[in-house]
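Asker: Take a look at the letters that make up each chain.
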Amino acid sequence: MRNIEPAVLKRLYQEMLRIRLIEERIAELYPMEEMRCPIHLCIGQEAVAVGLCAHLTRDDYVLSGHRSHGHYLAKGGDLKRMMAELFGKVTGCSKGKGGSMHMLDLEAGFLGATPIVGGTIPIAVGAAFGTVMQGENRVTAAFFGDAAVEEGVFHESLNFAALRTLPVVFVCENNLYSVLSPLSVRQPSGREIYHLAQGHGVESFQADGNDVVEVYNLAGRAISKARRGDGPTFLEFKTYRWREHCGPNYDIDLGYRTEDEFQEWRSRCPIDRLKKHLKGKGLITDLEAEDMENSLRAEIDEAVEFAGESPFPEVEALEQHIFAP
Amino acid sequence: MRNIEPAVLKRLYQEMLRIRLIEERIAELYPMEEMRCPIHLCIGQEAVAVGLCAHLTRDDYVLSGHRSHGHYLAKGGDLKRMMAELFGKVTGCSKGKGGSMHMLDLEAGFLGATPIVGGTIPIAVGAAFGTVMQGENRVTAAFFGDAAVEEGVFHESLNFAALRTLPVVFVCENNLYSVLSPLSVRQPSGREIYHLAQGHGVESFQADGNDVVEVYNLAGRAISKARRGDGPTFLEFKTYRWREHCGPNYDIDLGYRTEDEFQEWRSRCPIDRLKKHLKGKGLITDLEAEDMENSLRAEIDEAVEFAGESPFPEVEALEQHIFAP
Amino acid sequence: MHRELKYSQAVHEAIELCMARDRSVYVMGLGVPDPKGIFGTTLGLKDKFGAGRVLDMPASENGMTGVAIGSALVGMRPIMTHQRIDFALLALDQIAGQAANWHYMFGGQARVPLVIRMIIGRGWGQGPQHSQSLHAWFAHIPGLKVVMPATPYDVKGLLIASVEDDNPVVFIEHRWLHNITGDVPGGLYRVPLGRSRVAREGDDLTIATASYMTLEALRAAEMLAEEGLNAEVIDLRTLKPLDEAPILDSVRKTGRLIVADTGWRSVGFSAEVVARVTEAALDHLKAPPRRVTLPDCPTPTSRALADFYYPSARDIVATAWGMMGLEVELPVMQETAGALLDVPDKSFTGPF
Amino acid sequence: MHRELKYSQAVHEAIELCMARDRSVYVMGLGVPDPKGIFGTTLGLKDKFGAGRVLDMPASENGMTGVAIGSALVGMRPIMTHQRIDFALLALDQIAGQAANWHYMFGGQARVPLVIRMIIGRGWGQGPQHSQSLHAWFAHIPGLKVVMPATPYDVKGLLIASVEDDNPVVFIEHRWLHNITGDVPGGLYRVPLGRSRVAREGDDLTIATASYMTLEALRAAEMLAEEGLNAEVIDLRTLKPLDEAPILDSVRKTGRLIVADTGWRSVGFSAEVVARVTEAALDHLKAPPRRVTLPDCPTPTSRALADFYYPSARDIVATAWGMMGLEVELPVMQETAGALLDVPDKSFTGPF
Ligand SMILES: Cc1ncc(C[n+]2csc(CCOP(=O)(O)OP(=O)(O)O)c2C)c(N)n1
Ligand SMILES: Cc1ncc(C[n+]2csc(CCOP(=O)(O)OP(=O)(O)O)c2C)c(N)n1
Ligand SMILES: [Mg+2]
Ligand SMILES: [Mg+2]
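Here the protein sequences line up with chains A, B, C and D, keeping their order. Everything in the first sequence is counted per the working numbering, starting at 54 for the first residue and increasing by one. Everything in the second sequence is counted per the working numbering, starting at 54 for the first residue and increasing by one. Everything in the third sequence is counted per the working numbering, starting at 12 for the first residue and increasing by one. Everything in the fourth sequence is counted per the working numbering, starting at 12 for the first residue and increasing by one.
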């Protein structure tokens, strides 16, 4: 964790903690059955979103899939509008039409998340292609999971990005599972995911996705390279989802993964790890940490309140926005 | 060309010559506008089909795409029925419903060819999967071109074949073009096609597709491996199509490829090369070669006559075979 | 002997019976052998028949459909499963381009006995990409059969018949049907593809429908009956091949047609039924036929909008009265009683 | 001033004008910059606008549609081209799942101005996988516009309007139209999407049609006129949004409707037209509406079968007389004169 400014480390910590607290709040509220849409929490995986987006400006673009809360927030998406979206309110970031699986925040450069596995990867490549055609110097990042590389469109996207040397960073959060299915029933053993990208001739790395500093460093490298016009990079980050695939609960009881595996990954919590380091180096005090947490909680309270108080869309909205005028 | 029995070499020669003469006859007849369907000739590429299929038995399966005449014939497909199919006759291998782009010969284990680029690759993998599930020891080969690897479904197929260690051989005839488009506008430079398959963890080779002995040797290795249950192999053969993409003519005048390139590849004619060798080693005499050619021509005459004299399907056939009974 | 089963159990039993009697039947799909087992429909099958015949798969819908086709060509009878019909959008080249054409384009020499189960329907906020009801697309394609059972009895009999059919069959289950219960005989039985069923007899009005809308139609018929209007409900069961005659017979009797469909209105399946009836029984029509369908817009996620998006018994009732030229005050429905419209019943808690 | 252009040249001119005035317009597709230039429609554009804006692409239909969408989201206006509509089967997830929904599902905040040109239609033995006429599928999807121009004038004006439209537009050209000629003004002009055109006035019968079938309908109308029957031909031009009123007005006048469509019959576009007319103008119908379409079977390759597969003016005429309750002997047609039915005219030599 050398080479990184203390201020940056603290910001990374704060960003991860923020996402964690937001996701935990969602999990807490979900059983009240007011957020009536599928949710895919990223608790345990915060480091990838945060380490990556730390290098992106608002002018850069991000696209994501079904598990997008962390990416939306790390890219600077509006929290209130996200919460309102989960509640199906008209003040939501998609005006209530999208729910958790379809969010965007154009002001933040969060170009959109949609839940068809692999579906936004070519769209990210296209956004990058569009910026190049317009002579802009923006970087686009595509977030996706370990199942997305099984979709043909992933490969089609890599081929085109490589062919055109596009400023795009492919970010695979390999959390070992697709819904309840382990990698072993979906991909050949001994073949790592980043090998696929290598096959396409795209520079590729595999790293610990629960180490925000490792993510930050690799991301910095890939993003500067893209900004220089030197083409795409593929980053595979191993990480782990703590809760169930879809919904607020823990699911170790289902038996598709072991308690040991879960505990092992839980002990490698990206937030705890960084906090330990910060405290060890005297970069953060208990009081500071507590203050930070309190102010984050206050922000979240406010967002939840905003969402709760916001009105639902009027029935007229149903047939609005089918076509752009 | 050591290590290969003279009899085998002669058979390879005869098979290649047969395909060449058949394709040339088709090219000759096509302008009469009686074969009213798109045709994709494989003149110049015969070695791949012949070298590969030399190791397959009738119990093995082959699937192919739009440029399938050579594969159909090398696998033992019936010539008369192929000719009749091109003429749209009811005696055709697809009863006139398919034409050149949709041929099959189940008795020969030619499981089908269809012209959606990449479309039969997963079907070949599925055939292999089916044989394994049924405890049969058959090998399935999928033939396709250099454009097919751009389709996502190619990758999906490789992933599953590798995951399940299936007895399938992927045969890519890299003739440098997709219709009139060179590889350079479709795939990143410096990334060879067989690298893609390597990325999937599938054992892969690249070789000269105009050298039937090289094809024969590599194919033998891949097919025995599959037969042993040791999984898939990917073979990339560089070769060249002499005539236009679709139709009977030469097309160098179009300007998308150079006369030099064409002449260079033409000088590496797989049939001439083997003939030279056979003659050099005294394995074939001029007279023998002439006899061979004559009897092939007689066979072709007969097939053309059969096709010409065969009746068209009756109008009732139009709405037959929509559903299997 | 009465034997109550859930629709999902009936699906399960059909698969189990088919697998037990024919070793060439196998099941694959994302999550098929997982602990949730496709809403319970594939639970335990792996233990019973082994991992070789009950398999998970990579998220490669197009490729895996091709794999299923290839295996079918060499003698297997795959049952493929998509938890949402939307995922099949990726596989349409293999489904409509290859499987549907294979028998025809090779002059009847090859067969693709393939069942593709696809789940449609509502849930909490499934939204635009997890709830499309695309049966109209499949029913447009020559060479595909399309089945949409509404009852536990039918889903079992039709699934068995589909697995035994030598053609590609798109087998569509509505998510809100999985928990309904009904009489289901044990053992093997078939409900033939291409045969509709009169779910309720009546003389005043014909409601042609399928899948989940059959339930809404029956509810509507009850409500109409209370006011003296007698609706006949025809549950089509199979959309392709379509059993046209019973619809025509019914309309010739009633003179009025409502088509109630889970899909979108324009260029949807409901238009086909209207067209067939008009072509064949125009003179019998006492009023213009009506379609009760989704409006032509994507699925909104917010329940505030979804509540107005999905057609219900109430819409059918209102349409029926409209056709009679009457304005009848509609009975108070769930929504005004404060109940939630985005679940079929209390057993449904959660987005799926 | 008369200015005769081929349909293909009108397409070319539309693209050229759009590219010249708006730097965000670009064209991509397999073979777009190659020496054949998509039946001439993109010839020379690369020389004029550069390889950066006129591009070939890998055979990755789904991925490249996503690329087009992504570029549209950040301000570009792609025109994507498929030489055959069949290839778009691979791209339906991006077209129908993503592009069509993007504006709606994000509450109107994003736009996908994307034109996807797709070519349908006959040729020598294109067969089951190169000649499907799948416009009904696209017209079923909320959020997509679907355009099928029949004349050189319209194809230019509609293509310009499509490129300027902020929504995904599926722009369908029939291969047998590329060589027809007609009056085409120079310069920019638009034919608005969602507006039909009365191609011929008449009082006895309404023929609603689009794309190539408009030509057959007009031929049929001539033949009918010789026998004193006056058909009105409505060229729909845009299938979605559908311009319903002129069809209804016409049927209210004539009392008779034939829908002539290049697509399959069942659950096809023609059913929608029949349904709309029946719903809105039942009382005006003097005879059951009729559909002249492809039969519900895959495209056979042999010309001996294809000749019977494609509907023609003759079928429309026979249908019209049938609706009038008359048996009229049909004029001798090409086929009996020994001409070939699998080409539109002598300029067409070869399979495409
Ligand atoms: C094309 C498609 N197929 C299947 C699904 C169902 N599905 C939703 S999430 C998911 C798992 C994705 O796994 P992964 O990409 O590893 O992301 P994770 O959920 O682990 O973050 C699947 C299969 C889908 N949404 N889209
Ligand atoms: C999915 C799809 N896209 C496009 C086409 C049009 N097409 C027909 S053949 C062909 C070229 C294929 O090139 P390659 O795979 O290299 O085979 P070759 O013709 O060189 O033998 C293309 C693009 C098609 N048939 N299918
Ligand atoms: Mg995962
Ligand atoms: Mg090639």
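These aren't lab readings, by the way, just hints derived from the structure by calculation. Even glycine gets a Cβ: it sits at the ideal position worked out from N, Cα and C. Mixed in with the good hints there might be a few duds.
[As the list claims (entries may be wrong)] Derived CB-CB ranges, DEER-like:
# : chain 1 : residue 1 : chain 2 : residue 2 : range
1 : A       : Val238    : C       : Lys59     : 15 to 21 Å
2 : A       : Asn270    : D       : Gly55     : 46 to 52 Å
3 : D       : Gly55     : B       : Glu312    : 20 to 26 Å
Asker: It remains to establish, for every hint, whether it holds in the given structure.
Answerer: For each hint, the structure was consulted:
no., hint, in the structure
1, Val238/A with Lys59/C: 15 to 21 Å, "holds, 18 Å"
2, Asn270/A with Gly55/D: 46 to 52 Å, "holds, 49 Å"
3, Gly55/D with Glu312/B: 20 to 26 Å, "holds, 23 Å"
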